[in-house]
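Peer 1: Chain by chain, the residues:
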Amino acid sequence: MKAAQSILHTLALPVVLVATWWVVSFDSTNVYFPSLQRILQAFPATWLDGGMESRLVVDGFASVWRLLVGFVVATVIAVALGTLIGLLPRVRAYCEPTLELFRAIPGPVLVPIIGLFAGIGDTMKIIVVLLGCLWPILLNTVEGVRAVDSVMIDTAKSYRLSPRRRIVKLILPAASPQILAGMRQGLSVGIILMVISEMFAATNGLGFTVVQFQRNFALPEMWTGIIVLGLLGLVASVFFQIFESRSLRWYTGMRRAARDA
Amino acid sequence: MLEVTHLQKLYRTAETSFEALRDVHFTVAPGEFVCLVGPSGSGKTTLLKCMAGLMKPTSGTVRVADKAVAGPPEGLALVFQEYGRSLFPWLRIAENVELPLKELKIPGKERGARVAEALAHVGLENSARSYPWQLSGGMQQRVAIARAIAYRPDVLLMDEPFAAVDAQTRADLEDLVREIWRDLKITTLFVTHDIDEAVYLAERVIVLSSTPTIVQREMIIDLPSERDQLSTRALPRFSELRHDLYAEIQKAKTHSALTLTA
Amino acid sequence: MSNRLDTLPTFEVRVNTSALSRRRFRARGRATNTLLGCAGLLTVALIAQFLAPLGIVRAQDLPPTTVILAAFIDLLGEATMWMAVYDTIYVWAIGLVVASVAGIVVGVLLGSSEPLRRATSSTVEFLRPIPSVALVPLVVLVFGPRYESALVLVIYAAFWQVLVQTVYGVADVDPVVADTARSYRFSRWGVMRYVIWPTALPFVMTGIRLAATVALVLTVTAQLIIGTPGLGQSIALAESGGANARMYALVLITGLLGLAVNIVVRLVEKRVLAWHMSFRKDASE
Ligand SMILES: Nc1ncnc2c1ncn2[C@@H]1O[C@H](COP(=O)(O)OP(=O)(O)OP(=O)(O)O)[C@@H](O)[C@H]1O
Ligand SMILES: [Mg+2]
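As given, the protein sequences belong to chains A, B and C, one line each in that order.
Under the working numbering, think of the first position of the first sequence as 1, with each following residue one higher.
Under the working numbering, think of the first position of the second sequence as 1001, with each following residue one higher.
Under the working numbering, think of the first position of the third sequence as 2001, with each following residue one higher.
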């Protein structure tokens, strides 16, 4: 009963909205806004034809690969550097203004610059994604590491925990809520940059494909592309949420306990 | 076991410096239970941090087991007042207790045994798999104590460990600490604000003055070593000692190295 | 000296010296930190200066810092550059304001009604992660390289940030406090004004701070990809014209603009929340 109700709550509004779209657009003559029916009809031929050679597989894989590599490498670098900077006040003072400046540069303007060095291949896109994801994760890690409770640090010191164990068992877990918040911001920036870098200069990938449809005035196909990009964002966010709630079970539990008290 | 020799601590800044400890000098014999009392802000935490090697004194030395303290010394455990902030909320109770043992490179099996034993000692054997935030304040402080005893320290320093728990729990924890001290023969230095607590727990009480701080007085607590919340506190000698200590602390509130050594 | 101290209550001596010295200490620490920070910036500038002469990169790809700075100074004298800055700020500000107002209104609405929140949460979770750049092809066709294109992208992206934080903040209101207010017969508006809004404000400010950054990213994106007027467009033009020093200088200007945005937003947040904190303290003590 409860489950049925929650499914109803989850699906009711989306269904209503899609149905509304369907009905309102049904006999649309506006070229830019084709009917949902036509969009959905165009979907299989556009994305699924060809099995392993289909656009969804080929372009989808190209895009997801760039996003994933960029994001993961950025996370590793940012957490390592962020921990270092967060733990050493002098290093932090040295880096802070520079980091603030670089972080303030909106990611998309990196596309032409990285293009100078890395051409228009995968490397360029991966680096663009990487640099875009890096700052939010880095700065959040620094903040998280700085905010580690002083009593906990004294506890670790007085039990003579080695620096390595102190980082693994204390600093990183304590900073993890903040690190994950940075990763969430980084991921959404990363998706934007992946799409932009593909729109700017590429020979494959989802962003490239969608822009191709637009340039050829293939409007229903272009709409299917927008839907695919939306779904990609959605899937990425769902996966991340699963990852996040797994890693932060202790944190959500603690917050709930604090609230109920 | 513990020797504090002419300890001075200045909190130094650009131009001024603030002298928290002037000349603190005392010893604690092996296996002794000493309470440290003093007015608020008199430098008790500062002193404990210097003894635990978490802070460098300006001058003077601390020796633990005949070794001068430079960093956190071996065989010393520290229990903080802020139990909520000294347990790691991402580790289960058993893991919290176990963590320092891993650093001692104790084999897994013995680690498990020690953890179980320590948790049983504080009556928390059933909470091993809980997280700290699932426990009450008093239970959390018991975990911190269990962590300390599983570590098998020679010296146990406690900084107002029961200041934030309710009266009933506090009485239970006092008995627990006494019991641990007697069973395990751990040299214990216990900081408290509470005069009754100091008299009930200690064999000797050290009274600190206000800042700049010196040891104002040491009092021997000549109560029977078998102590009990009801009968011990009802002893006439208990009231006398309590009375003396109260007077001493009142005096400490207005006295410092400046007036006492003038 | 010691005589004088003797007569003073120790308490006062202590408070005065420690408060004073801490402030001085902080001031000195800040000076050192500023120096270190400048050293950091200088290091980056020096590295960029010598990478090309040392043959590590082509001078064309990364002109020496001095060349970039020269281009930067040239740009400061160009009216078109200032026009581009103005265009960028204009789109950013309008987009942010529209998105914030919409986000707050919808957020308060959804947040204060449990059934409404439950019914809409899945939809919000569906729509929010959709990267607003997915809409680029559509706005290109509908609006072409005009402000509206950028505005659609900016508003779409910024709206969700504010909305989600607002819903979260409003839902965070302690039910006991809300009930108490109601039992004292606060009007609906009163509850909103004195209970819900103060609780939600820090969350709303966080949302606006995040939205401000995202809004600038999308403003520049639209300029770069679609060609709406502004700094992004200038960068794309410089790039296609091979004027790399100019491009770097423009990127630097964009970065400085981003920095200004961050600083302003943080100041506003601090101001608003400082007032808010003192307000709440008064209320609770
Ligand atoms: N980091 C610091 N910098 C400057 N002064 C400090 C610092 N830490 C403590 N003090 C000062 O040193 C004095 C002693 O502080 P301490 O915390 O050791 O006192 P305490 O006896 O533990 O007090 P309480 O009983 O309230 O816990 C206080 O007057 C305090 O203001
Ligand atoms: Mg203290």
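Hints listed in this document are in silico derivations from the structure and should not be mistaken for laboratory results.
Since we're looking at a predicted model, the values are computed, not measured.
C-beta: ideal position from N, C-alpha, C; glycine also.
Be aware that a few hints might be false.
[As the list claims (entries may be wrong)] Rough simulated footprint, nothing fancy, chain A against chain B, three-plus residues with beta-carbon under 8 Å:
1. 1006-1013
2. 1048-1061
3. 1099-1110
4. 1185-1195
[Stated by the list, open to error] Below 25 Å or equal to it, Euclidean Cα-Cα: the simulated SDA-like pairs (lysine to any residue) are:
5. LYS1251(B) x LYS1056(B)
6. LYS1251(B) x LYS1102(B)
7. LYS169(A) x LYS1102(B)
8. LYS2270(C) x PRO89(A)
9. LYS157(A) x LYS1251(B)
10. LYS1056(B) x ARG2030(C)
11. LYS1102(B) x LEU87(A)
12. LYS2(A) x THR2123(C)
13. LYS1102(B) x PRO89(A)
Peer 1: For every hint, state whether the structure bears it out.
Peer 2: Each hint tested on the structure:
1. For the segment 1006-1013 of chain B, the assignment as covered by chain A is violated, since 0 residues bring a beta-carbon within under 8 Å of that chain's beta-carbons and 3 are needed.
2. Counting residues of the segment 1048-1061 of chain B whose C-beta lies closer than 8 Å to any C-beta of chain A gives 4; at least three are required, and the coverage claim holds.
3. Chain A is given as covering the segment 1099-1110 of chain B, and this holds because 4 residues of the stretch bring a CB closer than 8 Å to a CB of that chain, at least three being needed.
4. Taking a C-beta to C-beta cut-off of 8 Å, the segment 1185-1195 of chain B contributes 0 residues in contact with chain A, too few for the three needed, and the coverage statement is violated.
5. Using a Cα cut-off of 25 Å, the hinted pair LYS1251(B) and LYS1056(B) is violated, with the two alpha carbons roughly 29 Å apart.
6. About 46 Å separates the Cα atoms of LYS1251(B) and LYS1102(B), which puts this hinted pair outside 25 Å; it is violated.
7. Straight-line distance between C-alpha atoms of LYS169(A) and LYS1102(B) comes to about 11 Å, which keeps the hinted pair within the 25 Å bound.
8. With a CA separation close to 23 Å, the supplied pair LYS2270(C) and PRO89(A) stays within the 25 Å bound.
9. Distance restraint check for LYS157(A) and LYS1251(B): the Cα-Cα separation of roughly 36 Å exceeds the 25 Å cut-off, and the hinted pair is therefore not satisfied.
10. Between LYS1056(B) and ARG2030(C) the alpha-carbon distance is near 24 Å, which keeps this suggested pair within the 25 Å criterion.
11. A hinted pair counts as satisfied when its Cα atoms are at most 25 Å apart, and LYS1102(B) with LEU87(A) qualifies at roughly 23 Å.
12. Under the criterion of a C-alpha separation no larger than 25 Å, the hint pairing LYS2(A) with THR2123(C) is consistent with the structure, at around 20 Å.
13. In summary, the hint linking LYS1102(B) to PRO89(A) is not supported, as the alpha carbons are separated by about 29 Å, beyond the 25 Å threshold.
This entry does not satisfy hints 1, 4, 5, 6, 9 and 13, going by the numbered hints stated previously.
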